[in-house]
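Engineer: One letter stands for each residue in the lines below.
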Amino acid sequence: MASEEQLSAIKRAKVLMVGAGGIGCELLKTLALSGFQDIHIIDMDTIEVSNLNRQFLFRQYHVGQSKAKVARDAVLRFKPNISITPYHANVKESRFNVDFFKEFDVVLNGLDNLDARRHVNRLCLAADVPLVESGTTGFLGQVTVHLKGKTECYECQPKPAPKTYPVCTITSTPSKFVHCIVWAKDLLFAKLFGDKNQENDLNVRSSDTANPSEHSEDVFECRKDEDIEQYGRRVYDHVFGHNIEVALSNEETWKNRNKPRPIYSKDILHVKMTKENGDTEKDCATGDVSAMSSLSLKNPQDVWSLAENSRVFLEALRLFFSKRGKEIGNLTFDKDNQLAVEFVTAAANIRASSFGIPLHSLFEAKGIAGNIVHAVATTNAIIAGLIVIEAIKVLKKDNNSYRMTYCLEHPSRKLLLMPVEPYEPNKSCYVCSETPLSLEVNTRHSKLRDFVEKIVKGKLGMNFPVIMQGASILYEVGEDLEDDMVAIYAANLEKALSELPSPVTSGTVLTVEDLQQEFSCSVNIKHREEFDEEKEPDGMVLSGWVEAPADKDNNKPNGNGESTSNALPSEEIQEDEKDVEIQETSEGTENVTGKKRKLSEVDESRNQKKPEKLDVDDEDDELVISDDWESLTKKKRV
Amino acid sequence: MDGEELTEQETALYDRQIRVWGADAQRRLSKSHILIYGMTGTVAEFCKNIVLAGVGSVTLVDERVVAEESLSANFLILPVPDENLYQGKTLAEFRVALGETISSEGAAGDILTFGVEFFEKFDAVILSCCSLRKKKWINQKCRKLSKRVAFYTVECRGSCGEIFVDLQDYKFSKLKKLEETIECRIEYPSLEEAISVPWRALPRSVSKLYFAMRVIEHFEYVEGRDPGETIIDDLPGILELRKELCETNSLDESQIPDALLERLVRDVAEYPPVCAIVGGILGQEVIKAISGNGVPLKNFFFFDAMDGKGLIEDISVPSSPS
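The listed protein sequences correspond, in order, to chains A and B.
Under full-length UniProt numbering, the first sequence has 230 at position 230, and the numbering climbs by one with no breaks.
Under full-length UniProt numbering, the second sequence has 318 at position 318, and the numbering climbs by one with no breaks.
Derived by calculation from the structure, the hints in this document are not laboratory data.
These numbers come from a predicted model, not from an experiment.
Check each hint, because a few of them may be wrong.
[As the list claims (entries may be wrong)] Chain B is faced by these chain A residues, among others (derived, beta-carbon under 8 Å):
1. Gln301
2. Ser305
3. Ala375
4. Ile389
5. Leu416
[Claimed, not checked] List time: in silico DSSO-like cross-link candidates among lysine-lysine, alpha-carbon distance up to 30 Å:
6. B/Lys177 x A/Lys163
7. A/Lys255 x A/Lys163
8. B/Lys174 x A/Lys414
9. A/Lys163 x B/Lys176
10. A/Lys176 x A/Lys298
11. B/Lys176 x A/Lys397
12. A/Lys159 x B/Lys144
13. A/Lys298 x B/Lys31
14. B/Lys177 x A/Lys298
Glycine included, each C-beta is placed from N, C-alpha and C at the ideal position.
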């Protein structure tokens with residue numbers, strides 16, 4: 001296949017891979033086999049058992065070791081004479097700066113989170129290094145190519161933000177199982193086992209602001225004369241019984257909704273729980289403590305009855321206090337913590353039962369609570385092959401041949417692998433096109449801290465920001481700052497915007513920069529008095545910032561799985577003899593950013609229209625094997 | 001592997017893919033036996049994929065000796081000084097190292113001498129680097145067995161790849177939303193039947209790669225060449241054959257461009273990215289057929305790195321007038 005010129009371009013190339021996981025392993029292998037001789041690879045993770053079904057360079061005995069290092073060793077075994085440099089590190093570290101990125105001919109991403117992708121995108125733009133992005137979820141995947149000034153950057157198109165749910169849905173009116181999981185994980189588990197000083201909405205009732213539940217703080221504290229069993233039942237009765245009754249007392253909430261029923265432990269578990277023939281002393285090592293073992297519930301795929309869930313709830317709680325007492329007060333939910341998963345499953349199921357929502361197995365609950373992305377080896381292998389093909393085109397500077405390729409589960413017009421031409425850069429992209437943003441904010445009430453946390457770090461994805469008004473620096477982070485500057489910045493954070501040494505008021509333009517990402521943008525400030533508490537809980541509205549429309553209000557970041565595969569082209573893509581011709585579909589989302597043109601339109605005049613970009617957000621917790629492409633894609637449109 | 005249930009170890013190991021296709025499918029995979037003929041780079045990819053998927057066993061038949069060229073695209077073969085190492089044996093290392101849950105063997109000898117009892121052990125048969133004569137013979141053998149065996153051929157040349165699928169009379173359930181299942185059925189033509197479909201009966205949009213591969217296949221058949229032995233010097237002969245075949249089939253010669261044929265004959269060596277892609281698609285198909293989950297493709301898959309398309313062609317005679 002390779003011509004002489006192509007072979008030598010490959011041989012000379014210096015490639016950076018970010019990520020040594022599912023895509024990374026396949027990619028490193030294919031790069032090595034294809035003749036690449038100088039590969040650098042960054043990954044901060046260590047190997048886990050659940051990786052082994054697809055990250056084939058790793059073995060059981062590697063569990064716990066650095067992915068980047070083990071991947072390198074494995075590939076050198078069949079390609080001994082090439083250079084692979086591993087970094088067991090976070091790509092966001094300051095040493096991976098623009099100068100570092102400039103050393104490479106191409107950067108290949110095999111990441112699993114949006115944050116890191118945005119970070120790498122900005123560094124590649126700053127370093128003017130081509131980036132090949134990719135992602136997979138189950139049978140779906142895609143590969144995209146990004147060249148500064150020539151194609152869209154990774155952030156030109158809105159990416160779906162992690163799904164969040166309104167507070168009241170979680171605390172008072174759940175309608176789906178995932179709401180119950182979020183309640184069990186972020187509220188109940190956090191309340192019982194997490195940091196006591198954290199704010200917790202567990203006892204928040206949507207219309208009950210006049211009753212500061214002072215006494216209920218004591219509910220979750222174990223009393224001196226109480227044994228664990230009694231304590232457990234008391235907690236159970238409080239959250240599943242008492243709290244529900246209180247909620248029911250507010251008629252308004254339930255006018256158009258099915259009423260939940262209160263559940264009390266005495267009704268479900270008639271006798272005092274005795275130790276069943278399980279193995280309660282299984283292992284003193286915290287990792288092996290399990291309520292399921294204790295209760296002889298063997299199969300994580302089984303859906304437990306309400307009684308079984310209740311037993312698991314109480315037993316898990318008991319085991320936490322008796323075997324892992326020291327950790328209480330510091331625990332956060334971890335999907336690899338068996339006992340935590342059992343507790344959250346049980347709690348979510350009992351709540352679901354109360355609200356008439358179908359119960360789920362531990363296996364399913366774990367997937368939802370742990371934001372587990374389902375994954376297989378074949379998709380990663382296919383995507384890796386496609387990445388290498390694009391990388392080689394990049395090295396040959398084959399400008400007209402770059403393609404974004406989508407790997408589909410069900411064929412669209414006979415195509416399982418669908419190549420699409422890249423688009424020219426989005427002129428309104430605040431990342432690559434220097435478009436200013438606008439922020440509506442109450443400059444007298446909102447503090448600089450709010451702006452930094454919610455906007456600069458939260459929405460704009462900057463890690464080490466510098467905020468300036470004209471020539472004055474209002475805030476910055478850095479290692480070599482003088483003490484008095486640090487003090488001034490700390491003080492500034494607590495001031496209202498209009499009270500800052502350089503006052504920020506309507507009409508002010510702030511410049512926000514991240515020196516590491518070498519990314520800068522301007523924000524025009526507009527003062528506004530009032531904000532809707534429900535719809536605009538941050539008290540700030542940023543515009544000009546391209547955001548994926550979410551279908552719920554984002555009140556609380558209770559994120560659910562981040563899909564690594566996103567954006568599919570329209571199913572209307574037709575094929576004529578030679579070219580891929582794209583037609584617009586009859587319905588669909590408005591293109592917020594105006595007309596996009598493909599690369600070929602810029603070079604020649606071809607008659608092409610913009611396709612729809614659909615979000616494939618694989619959040620269904622049911623296994624749906626459907627070839628009903630139409631309904632599947634229509635469902636995902638906003 | 002023990003009894004009906006997946007072990008705890010398997011459940012932990014296969015967690016991420018059980019979330020894709022379910023525990024029942026995983027169980028079926030663990031009981032399956034796969035026969036592979038011809039260890040190529042693409043087959044190495046495929047082996048890796050199905051081993052990771054958790055199949056019960058893999059039997060590899062390849063009477064060729066490991067040669068220098070075979071190392072370039074095959075990551076399962078580690079550089080060893082033993083020149084007489086059968087390619088089939090190298091799989092064992094990968095299997096044992098991966099998780100010790102699957103057995104494998106290499107079978108030496110001419111596959112044409114193997115009897116029915118040999119083929120009957122398998123749930124799927126994959127042929128690569130195999131002459132047309134052998135392919136047809138084995139396909140017929142598979143179709144005569146009392147149990148249904150899934151049959152596949154795979155071939156990669158340079159930037160192109162082709163997969164052929166024969167699942168005979170395939171019945172499966174499709175899960176619609178709301179727990180509803182519907183029964184589906186796909187009838188597959190045999191290899192002989194498929195490649196005998198007159199070219200003029202095929203839609204004009206059929207991939208040029210289909211025709212080009214048939215020309216080369218026919219050339220090797222007629223000239224008595226081993227697969228992969230056709231070289232650039234044969235191009236004039238191939239173009240001549242194309243002319244004949246197109247005349248016989250009333251197909252315009254432009255449907256099988258010179259440039260395409262030249263590419264296929266000049267760049268015979270496997271191209272690792274294409275191996276990964278085609279080996280991945282093949283892996284998915286075999287997993288679907290064995291697990292009974294998902295709609296299998298019918299009946300050809302083509303990939304060409306030049307245009308980047310991976311497409312399915314249905315090369316069969318319609319069973320009834322539409």
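Engineer: So which of those numbered hints doesn't the model satisfy?
Structural biologist: Hints 2, 11, 12 not satisfied by this model.
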